[in-house]
Amino acid sequence: METITTFAVQKKSFTKKQYALKKLMIFVGALMMFAACSQNNHSDLLLISTEYGDMKVKLYDETPLHKENMLKLVDEGFYNDLLFHRVIKDFMIQGGDPDSKEAAPEKSLGNGGPGYQIDAEILPQFFHKKGVLAAARTGDNINPERKSSGSQFYIAQGQVYTNEELDNFEQHRKAQARRAAFSRFIQDSTNTAFAQELQRLKTENKMEELNAKIIALEPELDKMFSDTDWKISPEVREAYTTVGGIPHLDGQYTVFGEVVEGLDVIDKIAAVQTGAADRPVKDVKMTIKRIK
26 METITTFAVQ KKSFTKKQYA LKKLMIFVGA LMMFAACSQN NHSDLLLIST
76 EYGDMKVKLY DETPLHKENM LKLVDEGFYN DLLFHRVIKD FMIQGGDPDS
126 KEAAPEKSLG NGGPGYQIDA EILPQFFHKK GVLAAARTGD NINPERKSSG
176 SQFYIAQGQV YTNEELDNFE QHRKAQARRA AFSRFIQDST NTAFAQELQR
226 LKTENKMEEL NAKIIALEPE LDKMFSDTDW KISPEVREAY TTVGGIPHLD
276 GQYTVFGEVV EGLDVIDKIA AVQTGAADRP VKDVKMTIKR IK
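Numbering (the numbering used here), first residue to last: 26 to 317.
No lab work stands behind these hints, which were simulated from the structure alone.
Just to be clear, a hint being listed does not mean it is correct.
[Unchecked claim] Label-pair restraints from in silico Cβ distances:
| hint | residue 1 | residue 2 | range |
| --- | --- | --- | --- |
| 1 | 228 | 169 | 23 to 33 Å |
| 2 | 96 | 213 | 40 to 50 Å |
| 3 | 286 | 239 | 42 to 52 Å |
| 4 | 102 | 258 | 20 to 30 Å |
In this text, a Cβ means the ideal position worked out from N, Cα and C, and glycines have one as well.
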């Protein structure tokens, strides 16, 4: 009797455990399904569709302001039926101006936006290899902080460079870095006397003496910037000598994504006939959506 009772109790207890386990498994399964659906609905991959084909774009986590803004606009349908309004072969294709929607052929484009700018997120690890997505912006003269347009972007095409061409470009960048250092040196209040001396030599047209003083200053100027300010890393050099890109834009604009599929579409769009202000003669419309 006790044995049977004990067995019955154990069986009942076992059944309750099975039931609880089953409920737990159902809950976990539902949770995983919800997470999967949620992840699909919040994909960070975009599909830019045109009549020339589709481009799959990955957005960078390291540029969160630009990434979140792009996703927000895409979810709102902001880019649908806008144009790639500026196309330059061997350079880039640009779009995202809301004024380009149903724009008349003679309309000047490139100044429209959502009414705000985005703080720059210019990072050295992201450079202008072919296929990168970068934010358009106004020039340094009116935008020294290099803030990005709230909606306009460009996709780099560029061209392939030789190592010799990149060597020459390095020297150009070094000269730029040195000029920037010279400007900071002259503006430093502790160097006022030296600046006045240079101005005197210039006023008296003693150019040889002036140049000699500036050349003698170069070792001091070179201490004011590092090699990373002008040298091209092996990784970047490899990209520019194989897939190509636009090296002179590096460090000037925020790069916040890249085309991971559909690089050939860039070439097709870049090859279209263009007219005034580099606008394609035949409109190149886009739609952008998240990839589920």
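Evaluation of the provided hints:
no. : hint                  : verdict
1   : 228 - 169: 23 to 33 Å : holds (30 Å)
2   : 96 - 213: 40 to 50 Å  : holds (44 Å)
3   : 286 - 239: 42 to 52 Å : holds (51 Å)
4   : 102 - 258: 20 to 30 Å : violated (39 Å)
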